Amino acid sequence: MAKIDVSVETDDQPSPPPSHPNTCPSCHSHYRDDELERSLWVCEQCGHHFPMRARPRIASLVDPGSFTEEATDLHSEDPLGFFDLRPYTERLAEAEMKTGLADALVIGRAAIEGRQCELAVMDFAFMGGSMGSVVGEKLSRACDAAAEAGMPLIAVTSSGGARMQEGILALMQLPKTVAAVEDLHDSGNALLCVMAHPTTGGVLASFATLGDVVLAEPNALMSFAGPRVVQEITREKLPDDFGRAEQNLRYGQIDAIVPRPELRPTLSRLLRLFDAPE
Amino acid sequence: MAKIDVSVETDDQPSPPPSHPNTCPSCHSHYRDDELERSLWVCEQCGHHFPMRARPRIASLVDPGSFTEEATDLHSEDPLGFFDLRPYTERLAEAEMKTGLADALVIGRAAIEGRQCELAVMDFAFMGGSMGSVVGEKLSRACDAAAEAGMPLIAVTSSGGARMQEGILALMQLPKTVAAVEDLHDSGNALLCVMAHPTTGGVLASFATLGDVVLAEPNALMSFAGPRVVQEITREKLPDDFGRAEQNLRYGQIDAIVPRPELRPTLSRLLRLFDAPE
Amino acid sequence: MPPSEHELRLRERLGRLRSLPLLGGARISGELERLQRQIARIGEEATDEEIWRKVELARHDDRPYTLDYVERLLDDWFELHGDRALGDDGAMIAGLGKLEGRTVVLVGQQKGRDIHERASRRFGMPNPEGYRKAWHAMELADRHGFPVISLVDTPGAYPGVVAEQHGQGAAIARSQAVMARLTVPAVACVIGEGGSGGAIALALADRVLMQENAIYSVISPEGCAAILWRDAGQAKKAAAAFRPDAVHCLELGVVDEIVPEPHGGAHIDHDMAARLLGHALRESLAELDGIPGDDLRRRRRARFRSLGVFA
Amino acid sequence: MPPSEHELRLRERLGRLRSLPLLGGARISGELERLQRQIARIGEEATDEEIWRKVELARHDDRPYTLDYVERLLDDWFELHGDRALGDDGAMIAGLGKLEGRTVVLVGQQKGRDIHERASRRFGMPNPEGYRKAWHAMELADRHGFPVISLVDTPGAYPGVVAEQHGQGAAIARSQAVMARLTVPAVACVIGEGGSGGAIALALADRVLMQENAIYSVISPEGCAAILWRDAGQAKKAAAAFRPDAVHCLELGVVDEIVPEPHGGAHIDHDMAARLLGHALRESLAELDGIPGDDLRRRRRARFRSLGVFA
Ligand SMILES: [Zn+2]
Ligand SMILES: [Zn+2]
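Chains as they are written, first to last, in this note's numbering: chain A, 1 to 278; chain B, 1001 to 1278; chain C, 2001 to 2311; chain D, 3001 to 3311.
In short, the hints are calculated from the structure, not lab data.
Note that the structure is predicted; figures quoted are calculated from it, not measured.
Virtual Cβ for every residue (Gly too), placed ideally from N, Cα, C.
It is possible that some hints are incorrect.
[As the list claims (entries may be wrong)] A few chain A residues that face chain C, going by a derived Cβ cut-off under 7 angstroms, partial list only: (1) L85; (2) R264; (3) S268; (4) R272; (5) P277; (6) E278.
[What the hints assert, rightly or not] As a list, the in silico DMTMM-like pairs of lysine to aspartate or glutamate whose alpha-carbon atoms are at most 25 angstroms apart: (7) K2098(C) <-> E77(A); (8) K2098(C) <-> D78(A); (9) K2236(C) <-> D1084(B); (10) K1237(B) <-> E2100(C); (11) K2237(C) <-> D1063(B); (12) K3236(D) <-> E246(A); (13) K2098(C) <-> D186(A); (14) K3237(D) <-> E232(A); (15) K3236(D) <-> D63(A); (16) K3098(D) <-> D1084(B); (17) K3098(D) <-> E1232(B); (18) K3237(D) <-> E262(A).
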């Protein structure tokens, strides 16, 4: 039995990289940037959901001009002085350059079809959406902001898991976010989760699955252990939809699969149901 | 699809009757009454647990002389004027004659190895241990008695389910006993359940499975629907240990299988663990 | 039997009802009056033929099912799926919706309309996953202060090998326990077949309603007949013996109110049936408004703990 | 490196520790002192070799497992089986016992001693059923006011197809949520491998202890090496990079106290290891005595919410 742990896969790529990021890995249709943007990064031929960055995601969900970002000043430290192929600090700087984000989570206040909510949206492009101290802290603050303002928190996840480079402190972001969600629940406010491809490891094993309502995008991978690890340990042939949203729905793990174009109206409906303030 | 409901089997026989009640249906050893009494109605050859009546059961569990019976005066009414092959009132009278009991449940205060508890023991010989208004009321009172005295309630079950002859009021004994158990739990006191063969239908689907600790005797049948009904509806071949204690343990439904001779020391240990008063 | 004799027996029953312990506990005198009016409205006790007619109506292929009412009564319906453990049981519906502007959680068994759906919904007979889905939704309701509405329509819990392995009995017990703990208002209505444990799992509510042509019973007529006479064909005789009709359940205090159906039965006019049901649900919820959660829970438990007849 | 330099670095770290937000929240100054004493006792920071030695000791075949401690520390032990849903996971232990006369609920992963037991206990890697069993036992503890002790010893949650289908991630999350809600004292101790999510599922406690030669990490050294260098053989290098040893965890505020082991490691003397662990558990429980449940819960959440380093 291998001693390989399985909760973390921080590769930057959720799946084998396609020849070009604008080529659909499923049906090989190719799109221009503006076409993808118009279609919310959904392949118009086959429905494949391309990865969606945090800022366009927010823009696609909220009422224009309604988003006020919070905790923009938080940056990761390097508590371990971690060095693998490159120093962690260098990786952080590079990710910030590449994404224009301070870390893998953006939080803030927003309105959707006139209903207010707190919003927390992950960005896989920032170090594989991995959860370190900053993601944990921002998610916690988003819980508190929602609790204090008396409105639901909507979390859109996309993550390879805990951020290895922060070592055991990254693991501590699991109980940290769970504790924050429980504080939110005690305040009587809802957590609404939307899992985008992929939501794995430590994020799946903490706040992402604790939503009052749990949604997923079509074909999103939502497994605690990655397929590669499971394959390696069990030596079994994996089912075709291993860990995918469809399998999770069949096995009762989520409430609904919502295609991206329906996400905004669905969340709007949920905000009405959870009596979010207007 | 047959419209046959499945929660009730009030046959007086838990399994095909053996040639003689003192003959082991498993290994066909035959015992004298006094031999069975000495062995607590367990076959010394093969370990088969014969049915055990309520009074000897109580005597086998409690400290000598410590049992004080409660609610001895409760008798069933006949709210429906129910008549099948014979009037329900006649069946009741016959059962009382046969068993010396007023109904299928005996309750009272007792001590086990010096620790006090409330005790509720069913008797399958009284109309198949079926649960009507009297069983429901006595179980409820036992919950209250335990709550008031601040001690655990030990329930030993053996029942074919709800008592059909009391119609819908028999079904109402399920929520009635569940509500009573929740009152007991709110008082901070424990329910310890021991399921003897058979515990099926409405008793399984109410207080018997709500114990803080759930024990079963070896090979006890514990299924909501009887094997015959399941066979009839699904047309599948049933597994050999369908609904038996062993299957229930494997599937995580109970905490332990306790052979009858170990039951008294086990309950004594649990009373110590749940801080029953001395 | 001439109507006057029926009338007499009915009055006599009502008289008995007043003194029975089963009307003690949480019930208040104002309710007895409503009950009296209801009995008067229904008019007379059902004959054996009429009881059997109700069994047939309760099982009518065109009778509105849970989702038919959801569609007509709730805005912004959002269905919750899955038990967060093992599966998503099509025989059980759970979801959130707005009942006249107020968010409620609705749970209920769901029969299938066509052959395919009937199989996938297992004829409205839930597995343990179904009950787990329902209690998960009810716990959500409790967390957020949403009232719970449950619509009961099942021949019974599914009697399958795997259902037993996964703890069918315990699931039914636990579902009742969750309802016994709720601190939000809960209203149940038997809208078709209220079959045994599979039904009571969703019916430990503050108010239990029953549609005019629904049935509610400890065992199906066929099951009863099979046990008593070893002949499921004697179902009619069995039904006459234990009387699963709404009036009888009302008389026994098992249900609090009978919800009228369109003339001829709910299957004749789904829209009208939904309007009548919606009215009754809203009225019941209004009665429960403003009662503190602890009181609700205490009264709910007391209501069920008072049921039973003994000497 | 000469000891004096170690000493310096250690002092410097301790100094930093005092000002870091990760020591804010529930931690009080008395604890800093204890922490200081502990660091002084351990003496100096581990070298790469020493860290790897701890990884080996934490995984030592003869190291005492959960049931070895149960046997030595608890009277009247009664093991609870099953998750009341689906199965009884041998990789997880749950039960009731008396710790010096006081009833506690103990949960913990369990590795196997021989080949057969190793397979049946899946090398201490629980399935969702295991976590469900644990949280069922912890909810029992909460109902009855029994403190919870959890012993953490797992390479990680089991990475199986069926485990994923049954919601491994959600089970780990839910287990933490149950611990975050407890109103009874909870003390966790990492007694061997504290592997990632599989470990933290049982470690959201009021006090988190760690044995001297245990390891606690976000990922196994092999897993880390496989990702970083595509070579699991680089495990030693990986371990040196993220330092899963107890002193480092203590310095980061991730654990509150290091539990000493017999000289040479816990595997040398199970009885002595159990005595030392028992002492630490009782001391931690004593510190939590008398704190109202709501306060316990609030402080427990605050403790974990304070963990993390950012600017
Ligand atoms: Zn495509
Ligand atoms: Zn024998």
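Hints and how they fare:
1. L85: Cβ of L85(A) sits 39 angstroms from chain C, so the hint is violated.
2. R264: Given a least distance of 14 angstroms, the restraint on R264(A) is violated.
3. S268: Because about 9 angstroms separates S268(A) from the closest Cβ in chain C, which is outside the 7 angstroms limit, the hint is violated.
4. R272: Where the cut-off is 7 angstroms and the nearest Cβ of chain C is about 5 angstroms from R272(A), the hint holds.
5. P277: Result: violated, 14 angstroms to nearest chain C Cβ.
6. E278: violated (13 angstroms)
7. K2098(C) <-> E77(A): Cα-Cα ~47 angstroms, so violated.
8. K2098(C) <-> D78(A): Roughly 49 angstroms between the alpha carbons, so the hint for K2098(C) and D78(A) is violated.
9. K2236(C) <-> D1084(B): Within the cut-off at roughly 13 angstroms; holds.
10. K1237(B) <-> E2100(C): Violated - the C-alpha atoms of E2100(C) and K1237(B) are around 50 angstroms apart, more than 25 angstroms.
11. K2237(C) <-> D1063(B): violated (50 angstroms)
12. K3236(D) <-> E246(A): violated (39 angstroms)
13. K2098(C) <-> D186(A): holds (23 angstroms)
14. K3237(D) <-> E232(A): With Cα atoms ~22 angstroms apart, K3237(D) and E232(A) stay inside 25 angstroms; holds.
15. K3236(D) <-> D63(A): violated (51 angstroms)
16. K3098(D) <-> D1084(B): violated (54 angstroms)
17. K3098(D) <-> E1232(B): violated (48 angstroms)
18. K3237(D) <-> E262(A): Judged against 25 angstroms, a Cα distance of about 47 angstroms means the pair is violated.
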